[in-house]
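Asks: Each chain, letter by letter, is given below.
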Amino acid sequence: MPTKNYADAMLDVLRTAMEEDPSFVVMGNEVLGIGPEGAQFEPFQREYSERIYFPPCSEASFAALAAGAAMCGQRVFAHLGLAPFTYPAFSSIANEIASARTSSGGRLDVPVIMHMSHGLLHGGGGQHSETPMGMYWNLPGIEIVMPSGAREVKGLLRTAIRSDNPTLVVTHAFGYGATDDVPDEDYEIPFGVADLRREGNDVTLVACSAMVGVALEAAEQLAADGVGAEVIDLRTLVPLDEAAILASVAKTGHLVVVDEGRLRCGVASEIAATVSERGFDSLRAPIARVARLDVPVSASAIHEAHISPSAEKIVAAAKGAVGAGAPAASGG
Amino acid sequence: MAERWDKADRTRLLERMLTIRRFEEAVDRLFHEQAFFAHYHLYIGQEATGVAVMEALGPDDRLATHHRNHGHVIARGSDPSLALAEILGRDTGLNHGCAGTLHMSDPDLGFISTSAIVGGSISLATGAGFALKQADGDAVAVGLFGDGALEEGVSFESLNMAALYSLPVVYVCENNSPGALGSAGGGFPTSVSAVKDLTDIPRTFGIPVETVDGRRFDEVHELAARAVDHCRRREGPYFIHAVTDRWAGSQPLWPEMTTGETEIARAYDEAAIEGEHADWFRDHDPVLIYARELLASGDLSRDELAELDARVTARIAEASEFALAGSPPAPESVNDYVFA
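From first to last, the protein sequence lines are chains A and B. Our numbering puts the first residue of the first sequence at 2, with every later residue one more than the last. Our numbering puts the first residue of the second sequence at 18, with every later residue one more than the last.
Honestly, the hints are just simulated from the structure, not real lab data. Misleading hints may appear alongside valid ones.
Beta-carbon label-pair distances, calculated as ranges [as the list claims (entries may be wrong)]:
1. B:Asp-26 to A:Pro-57: 40 to 48 Å
2. B:Asp-153 to A:Ala-274: 44 to 52 Å
3. A:Pro-141 to B:Asp-153: 31 to 39 Å
4. A:Asp-282 to B:Glu-50: 17 to 25 Å
5. A:Asn-30 to B:Ala-342: 50 to 58 Å
6. A:Glu-189 to B:Ala-331: 21 to 29 Å
7. B:Thr-228 to A:Asp-22: 38 to 46 Å
Note that CB positions come from ideal geometry on N, CA and C, so glycine has one too.
Using the sequences and the hints, build the whole thing.
Replies: Shown next, in the form of structure tokens:
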């Protein structure tokens with residue numbers, strides 16, 4: 002199977018969409034980021050120059066433009082840039098996109114595709130390192146897609162482009178260069194189906210996006226210490242595969258939720274609350290959340306490391322959950 | 018352009034304006050009878066603009082309206098019964114009660130989402146224009162909004178993009194701020210802008226713009242037809258600035274029928290015009306202005322006018338009955354509309 006990075010995976014899908022839908026449009030600046038992978042856009046740009054738009058610095062307007070076009074049946078892939086750049090577009094996303102179908106009484110579909118990059122942009126400071134998925138998850142009406150690697154980027158973006166709903170596809174700002182074995186052929190990964198990335202009997206680690214890789218690293222370290230960690234990649238937050246989480250917690254009895262977003266009202270909090278409500282009987286210890294500290298991001302590398310989840314923090318939380326470093330009796 | 022209308026056309030156009038008027042009077046009445054509770058915005062005083070713009074459009078054109086949408090929806094030809102049921106939050110309404118007065122839309126007639134966020138309709142209509150330009154054909158997009166929308170940043174961004182990409186969007190700014198009290202005067206908000214002539218805003222982006230008297234059907238229609246034609250020829254966006262005096266009933270934050278329900282005899286009987294709003298009936302009421310034109314041209318007799326009014330009044334009474342008879346939506350039905 003060929004090795005591809007995120008950027009290749011995205012281009013595979015965008016190319017297929019361009020070929021199958023003559024009205025498909027890509028709109029955005031630095032669609033593949035500002036790192037070396039950005040250059041991969043160039044041949045695609047040359048090939049489809051008439052349907053690639055480099056909009057003004059007007060995120061609010063071009064998010065709404067993409068939505069208005071979608072309401073008329075045209076699919077626009079709107080790359081809004083880094084997650085913090087979507088804040089000026091928040092009204093368009095929350096007011097014009099998320100609620101439009103309900104406001105129409107189900108008479109109007111809004112098949113818009115929005116893409117943003119999230120996560121620590123090292124040295125980016127307070128305005129370039131956001132992971133606001135908790136905030137967006139609080140807006141019902143948008144499908145939220147969080148690929149963990151290049152294979153997921155390709156399959157999930159494909160599904161997003163075919164969806165009749167608004168989709169928010171969120172890749173990691175430092176992921177464009179990350180490689181994976183990715184098939185050349187066209188394929189879809191269904192929304193709402195989590196991926197069990199590693200099996201284990203002692204503790205469940207739930208994560209999405211780049212934190213899946215960090216959780217897998219933590220699981221390796223835990224295994225060395227005799228703790229069997231199960232790792233679940235959520236793949237989409239909306240729809241959420243609650244059943245997969247609950248089934249795993251029923252097996253392990255312990256849960257650590259890992260998320261790069263902030264702790265309060267974040268993804269980790271929502272997963273923890275869901276399991277508290279629906280899986281309480283399975284729990285043999287309190288749920289642990291490993292998420293970004295509730296502070297703005299500082300540009301200092303020391304601060305960045307301090308506020309962010311890491312394999313070490315996950316290991317510590319998992320050991321705490323299963324009890325002072327000793328694994329709980331499995332199967333019980 | 019006015020000569021293209023024959024008697025049947027002009028009667029139909031007056032009927033539509035009067036339908037909006039009677040519809041809005043019913044909305045106000047039903048609110049005061051507590052048949053619904055929501056902050057609502059009436060289109061009284063702007064009927065000529067809405068009917069003229071819709072008359073200039075074709076069936077494939079797309080529209081984005083806003084919080085003051087009732088007149089646009091009726092002018093485009095939606096069933097007043099379904100529209101009134103929507104305002105009353107009934108399952109039988111245009112949008113199953115989910116839109117209410119603020120978000121009413123009729124997608125079958127070309128309406129996209131109705132945004133009640135100031136400036137929203139400008140941004141969405143720009144997207145509709147983007148899609149229509151990509152598509153074959155010569156359909157155009159129309160964005161309807163008030164003067165306050167030109168205070169929002171997204172409006173400036175959207176006009177910039179429409180100009181950059183030469184999008185077929187007719188922007189219709191219905192400026193009803195002249196004569197308004199505004200927030201400082203204890204009334205409904207009014208234009209608060211350092212730009213004294215709002216047409217300077219589209220002009221900055223190189224978008225052709227004209228101001229028109231929003232009370233006068235023929236004038237608005239002539240401009241709207243030219244603007245639509247400009248967009249059909251794919252010559253870029255066009256901006257219409259239609260100015261009307263603020264109707265007294267829309268001065269307070271919650272509308273009040275301060276001018277009373279329209280006596281159609283005011284179109285020909287000077288004695289029927291009296292009181293503090295006499296100037297409005299005489300000079301600013303677009304429905305009466307158009308009715309007078311039809312009486313003067315001989316297109317309509319007084320009897321025919323009375324008959325037309327009776328027919329419209331009966332139609333709206335029927336719409337009220339239909340709306341009131343409708344059931345509210347089932348509570349769980351709200352889950353049905355979130356996702357396709």
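Asks: Hint by hint, say whether it matches the structure.
Replies: Here is what the structure says about each hint:
no.: 1; hint: B:Asp-26 to A:Pro-57: 40 to 48 Å; verdict: holds (43 Å)
no.: 2; hint: B:Asp-153 to A:Ala-274: 44 to 52 Å; verdict: holds (50 Å)
no.: 3; hint: A:Pro-141 to B:Asp-153: 31 to 39 Å; verdict: holds (36 Å)
no.: 4; hint: A:Asp-282 to B:Glu-50: 17 to 25 Å; verdict: violated (53 Å)
no.: 5; hint: A:Asn-30 to B:Ala-342: 50 to 58 Å; verdict: holds (54 Å)
no.: 6; hint: A:Glu-189 to B:Ala-331: 21 to 29 Å; verdict: violated (55 Å)
no.: 7; hint: B:Thr-228 to A:Asp-22: 38 to 46 Å; verdict: holds (41 Å)
Hint violations for this structure: numbers 4, 6, all remaining hints satisfied.
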